[in-house]
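Asks: Between the sequences and the hints, there should be enough to build the whole structure, so can you do that?
One letter stands for each residue in the lines below.
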Amino acid sequence: MLHTLTITQAHEKLKKKEISAQELVRACIKRTEEVDKSLNAIVHRSFDRALEEAKKIDDQGVSDHPLSAIPYFAKDVYCEEGVATTACSNILREKNYIPPFDSTTTKRLKAAGAISLGKTNTDEFTMGASTETSCYGVTKNPWDTSRVAGGSSGGSAAAVAADEGFFALATDTGGSIRQPAGYCGVAGIRTTYGRTSRYGVMSMASSLDTIGPICKNVEDLAIVLETIAGKDPMDGTTGDEPVPNYRSMLTKDVKGLKIGIPKEYFIDGMNAEVEGAVREAAKVLQSLGATMQEISLPHTKYATPCYYVLCPCEVSSNMARYDGVRYGHTVKDPADLLDYYVRVRSEGFGPEVKRRIMIGTYALSAGYFDAYYRQAQKVRTLIKQDFTEAFTKVDVILSPVSPTPAFKVGAHENDPIAMYLEDVFLDGQVMAGIPALSVNCGFSKSVTPSSVEGLPIGLQLMGPQWGEGVILRAAYAYEQATVWHTKRPAIA
Amino acid sequence: MTHLSPAQVRHIAKLARLEISDDEIETYAKNLTAILGYIDQLQEVDTSGVEPTAQVTGAANMLRSDALCSEKIAPESLLGCSALPIIDDQIETPSAHG
Numbered sequence: 002m003l004h005t006l007t008i009t010q011a012h013e014k015l016k017k018k019e020i021s022a023q024e025l026v027r028a029c030i031k032r033t034e035e036v037d038k039s040l041n042a043i044v045h046r047s048f049d050r051a052l053e054e055a056k057k058i059d060d061q062g063v064s065d066h067p068l069s070a071i072p073y074f075a076k077d078v079y080c081e082e083g084v085a086t087t088a089c090s091n092i093l094r095e096k097n098y099i100p101p102f103d104s105t106t107t108k109r110l111k112a113a114g115a116i117s118l119g120k121t122n123t124d125e126f127t128m129g130a131s132t133e134t135s136c137y138g139v140t141k142n143p144w145d146t147s148r149v150a151g152g153s154s155g156g157s158a159a160a161v162a163a164d165e166g167f168f169a170l171a172t173d174t175g176g177s178i179r180q181p182a183g184y185c186g187v188a189g190i191r192t193t194y195g196r197t198s199r200y201g202v203m204s205m206a207s208s209l210d211t212i213g214p215i216c217k218n219v220e221d222l223a224i225v226l227e228t229i230a231g232k233d234p235m236d237g238t239t240g241d242e243p244v245p246n247y248r249s250m251l252t253k254d255v256k257g258l259k260i261g262i263p264k265e266y267f268i269d270g271m272n273a274e275v276e277g278a279v280r281e282a283a284k285v286l287q288s289l290g291a292t293m294q295e296i297s298l299p300h301t302k303y304a305t306p307c308y309y310v311l312c313p314c315e316v317s318s319n320m321a322r323y324d325g326v327r328y329g330h331t332v333k334d335p336a337d338l339l340d341y342y343v344r345v346r347s348e349g350f351g352p353e354v355k356r357r358i359m360i361g362t363y364a365l366s367a368g369y370f371d372a373y374y375r376q377a378q379k380v381r382t383l384i385k386q387d388f389t390e391a392f393t394k395v396d397v398i399l400s401p402v403s404p405t406p407a408f409k410v411g412a413h414e415n416d417p418i419a420m421y422l423e424d425v426f427l428d429g430q431v432m433a434g435i436p437a438l439s440v441n442c443g444f445s446k447s448v449t450p451s452s453v454e455g456l457p458i459g460l461q462l463m464g465p466q467w468g469e470g471v472i473l474r475a476a477y478a479y480e481q482a483t484v485w486h487t488k489r490p491a492i493a
Numbered sequence: 007m008t009h010l011s012p013a014q015v016r017h018i019a020k021l022a023r024l025e026i027s028d029d030e031i032e033t034y035a036k037n038l039t040a041i042l043g044y045i046d047q048l049q050e051v052d053t054s055g056v057e058p059t060a061q062v063t064g065a066a067n068m069l070r071s072d073a074l075c076s077e078k079i080a081p082e083s084l085l086g087c088s089a090l091p092i093i094d095d096q097i098e099t100p101s102a103h104g
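Line order of the protein sequences matches chains A and B.
For the first sequence, our numbering assigns the number 2 to the initial residue and increments by one for each residue that follows.
For the second sequence, our numbering assigns the number 7 to the initial residue and increments by one for each residue that follows.
There's no promise every hint is true.
These stretches of chain B come out as covered by chain A in the derived footprint (C-beta under 8 Å, 3 or more residues) [stated by the list, open to error]:
(1) 51–57
(2) 89–100
Here are some chain A residues the structure puts well away from chain B; computed CB gaps all over 10 Å [said to hold, decoys possible]:
(3) D65
(4) S347
(5) Q376
(6) E454
To be clear, the hints were calculated from the coordinates, so they are not data collected in a lab.
All C-beta atoms in this analysis are idealised placements derived from N, C-alpha and C, irrespective of residue type, glycine included.
Replies: Here it is in structure tokens:
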């Protein structure tokens with residue numbers, strides 16, 4: 002049962018030589034082979050390479066870094082030298098794009114001794130909230146395989162919930178770490194924009210994309226985050242702010258911490274169990290000494306429409322590089338270069354990617370730029386100001402991650418707006434560039450009579466820019482006072 | 007409310023170097039119209055006197071020295087990612103003139 006350990010527990014056993022790196026890697030491989038047929042969380046496996054790495058570590062001895070010999074997965078948009086990376090898109094799948102370089106994040110993990118096991122499923126180029134737009138098919142929720150694991154980082158969240166890897170790298174542009182972490186009952190953090198390097202991670206919307214981990218608990222989040230965060234000369238948007246020792250901030254002490262509850266995040270039509278669990282979590286933090294107050298973030302309802310202007314505009318620009326010339330899909334006997342581009346892109350991209358490219362192309366075209374893009378950037382300023390104002394009164398803001406638990410596979414088929422509304426509590430933080438995390442705060446029993454525990458409910462904690470430490474501290478105190486983070490699904 | 011016709015969708019697709027089949031054009035027109043209708047609600051926000059935000063943490067002009075990267079990637083490994091013919095370290099594309 003080595004796969005069920007947390008990072009800290011595995012590190013202790015490795016240091017005491019109770020277990021070897023190879024045993025740890027073999028346990029994850031075995032677990033993945035057992036459960037992934039029913040989940041489809043993993044899309045590329047580099048198991049042989051992982052075993053070689055583990056052998057090297059066993060020969061040299063495990064280092065003091067808590068990630069030494071710890072096996073993990075990365076979302077299928079993180080470039081890793083020699084490992085297939087395809088953004089779960091047919092435009093890169095055909096020739097199985099093999100990057101000749103490492104992303105900064107996987108390079109930092111490699112330097113710490115962490116062992117990559119392969120790539121996790123995602124919506125195509127991270128565009129979606131369910132992994133249903135992946136060219137490899139949907140990832141199932143480990144708590145109820147008739148439901149989605151969320152998205153776009155559904156593969157990463159499901160893999161961690163099912164103990165296939167000790168943690169997984171993910172990306173959050175409009176909620177893609179927090180929503181699947183919430184749906185799968187694990188911990189995930191979106192970092193301040195620029196806290197982590199985007200170098201070597203396939204871009205979706207460059208002014209919104211962030212890099213972060215999904216882990217089994219908050220302590221593990223702190224370990225991975227302090228390893229991967231910090232300035233990178235290869236990403237000019239990374240900040241100079243020093244990276245704190247996040248683990249030293251996990252004191253269990255939240256006495257006097259001021260927590261705000263935004264009234265706009267408790268809406269009509271919200272699942273009653275979700276609201277109940279989140280309000281109960283607020284009471285737990287209160288009983289530990291935090292103070293609660295209602296706050297207002299007046300432009301909340303505009304965050305998701307704002308996102309769905311800015312994101313497609315940046316998508317239309319970023320996706321221009323996929324033209325079949327330098328990498329990816331190709332076609333035979335084109336009439337000319339234009340015909341080549343059009344056929345490569347039309348065959349290679351799926352419907353959601355095409356929709357975003359076209360919305361972006363339209364919104365950026367002459368005569369529409371001011372009405373859409375410029376207006377959205379101004380609304381972004383107002384949303385950011387809401388948060389700046391709120392953080393003069395409170396230290397942390399608390400809300401649900403999603404209005405409901407995980408939905409059924411296919412429930413939002415052919416309805417892009419319904420899928421976009423999945424982000425309704427998750428786009429404000431994106432517009433403000435602030436960090437936010439998701440932890441499990443209970444289970445919904447009414448919607449899934451087939452499962453014993455029910456479906457996980459995500460609690461969201463938000464902090465000011467560069468304030469990852471304070472939300473990790475609050476989340477850790479909450480976890481230590483509750484049992485939710487210890488629950489794992491029984492997978493058939 | 008903005009309504010996109012199939013002809014307009016074809017035009018946008020052409021600008022984006024995409025081709026939408028006759029079978030799919032009505033669905034795209036319907037979906038894109040719905041999305042534009044949804045984002046149109048931004049028009050009701052009074053943004054007079056508000057500056058746009060492009061860079062959210064306020065970072066500006068992040069410069070680094072104009073030096074070769076120490077871990078340069080070999081040209082042949084980059085060229086190896088292309089599905090097209092490689093001639094003299096260059097990728098041969100279809101002709102722009104047909």
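Asks: Checking the smallest CB distance to chain B, is E454 (chain A) really beyond 10 Å?
Replies: E454 (chain A) is indeed farther than 10 Å from all Cβ atoms of chain B, at 35 Å.
Asks: Could you let me know if the closest chain B CB is still more than 10 Å away from the CB of Q376 (chain A)?
Replies: violated, 5 Å
Asks: Report holds if the minimum CB distance from D65 (chain A) to chain B is greater than 10 Å, and violated otherwise.
Replies: D65 (chain A) clear of chain B: closest Cβ-Cβ about 26 Å, beyond 10 Å.
Asks: At a Cβ distance under 8 Å, does chain A reach at least three residues of the segment 51–57 of chain B?
Replies: holds (count 4)
Asks: Taking 8 Å as the Cβ threshold, is the statement that the segment 89–100 of chain B is covered by chain A upheld or broken by the three-residue rule?
Replies: holds (count 5)
Asks: Quick one: work out the minimum CB distance from S347 (chain A) to chain B and report holds if it exceeds 10 Å, violated otherwise.
Replies: At about 5 Å from chain B, S347 (chain A) fails to clear the 10 Å cut-off, so the statement is violated.
The structure shown violates the earlier hints numbered 4, 5.
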